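Asker: Put together the whole structure using the sequences plus the hints.
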Amino acid sequence: GENVEQHPSTLSVQEGDSAVIKCTYSDSASNYFPWYKQELGKGPQLIIDIRSNVGEKKDQRIAVTLNKTAKHFSLHITETQPEDSAVYFCAAGGSYIPTFGRGTSLIVHP
Amino acid sequence: EPEVTQTPSHQVTQMGQEVILRCVPISNHLYFYWYRQILGQKVEFLVSFYNNEISEKSEIFDDQFSVERPDGSNFTLKIRSTKLEDSAMYFCASSLGGRYSDTQYFGPGTRLTVL
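Read top to bottom, the protein sequences are chains A and B.
Using our numbering, you'd call the opening residue of the first sequence number 5 and step up by one each time.
Using our numbering, you'd call the opening residue of the second sequence number 19 and step up by one each time.
FYI, nobody ran anything at the bench for these hints, they're computed from the structure.
All values derive from a computational prediction rather than experimental measurement.
Ideal Cβ placement from N, Cα and C applies to all residues, glycine included.
Do not rely on the hints blindly, as some may be mistaken.
Covered by chain B, per the in silico footprint, the following chain A stretches (three or more residues, Cβ under 8 Å) [as the list claims (entries may be wrong)]:
1) 45-55
2) 104-112
In silico lysine to any residue, SDA-like type, Cα no more than 20 Å apart, as pairs [as the list claims (entries may be wrong)]:
3) B:K60 / A:R106
4) B:K60 / A:G45
5) A:K61 / B:T121
6) A:K46 / B:A106
7) A:K46 / B:K75
Answerer: Structure follows, in structure tokens:
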């Protein structure tokens, strides 16, 4: 089955800095890579996703890159704000059940 | 904006008791899911449901678990005889399409505590 590794487990940045979270996956058949943000006491909320036919996607301060050859994808958040503080999960899937990473706790210090 | 809702937000039960977790998916969605997240760990898929049938389930979803759509709006997860290790957050999700590349919308979760 698919195996998704996510790093780092905790990321602490100053407000205004950029944050990068990286994930690797094992199954070359995976073709859909969503990223979820989970705030305290809430369910995961989709913030951006990318499909295997593109290498990069951007939505305001959030971008995701995908390297299918290397089987890794990354979430980039620029100009971080305190409200970006949350746990972020990557996932890989498409033809089958999505497999989630273990999550990254992002802390943005004002 | 439509959203998935779940009740209760927190359920405390004794080991061996039955619990039913409830979800109201987004109204025009056709595919429904349950996930589990043990404290501090990753989100794990339990089961997917479409057209009143289970379409896929994980190895976690054993005979102690069942799902049902008793009416046109609710989607339930039943655990027949809870174990300590069933303590976790349980998330319901729904999607319009059935491919796993279709966006799934998650509810806020039910925290299940088994004593």
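Asker: If a hint holds in the structure, say so; if it does not, say that too.
Answerer: Hint check:
Three residues within the 8 Å Cβ limit are the bar, and the segment 45-55 of chain A against chain B gives 8, so the coverage statement holds. Only residues whose beta carbon comes within less than 8 Å of a beta carbon in chain B count, and the segment 104-112 of chain A has 4; three or more means the coverage holds. Between B:K60 and A:R106 the CA atoms are separated by roughly 4 Å; this keeps the pair inside 20 Å, and the hint holds. Pair hint B:K60 plus A:G45 holds up; C-alpha atoms about 15 Å apart against a cutoff of 20 Å.
With a CA separation close to 16 Å, the supplied pair A:K61 and B:T121 stays within the 20 Å bound. Note on A:K46 and B:A106: the hinted pairing holds, with a Cα-Cα distance of about 14 Å set against a maximum of 20 Å. In summary, the hint linking A:K46 to B:K75 is not supported, as the alpha carbons are separated by about 24 Å, beyond the 20 Å threshold.
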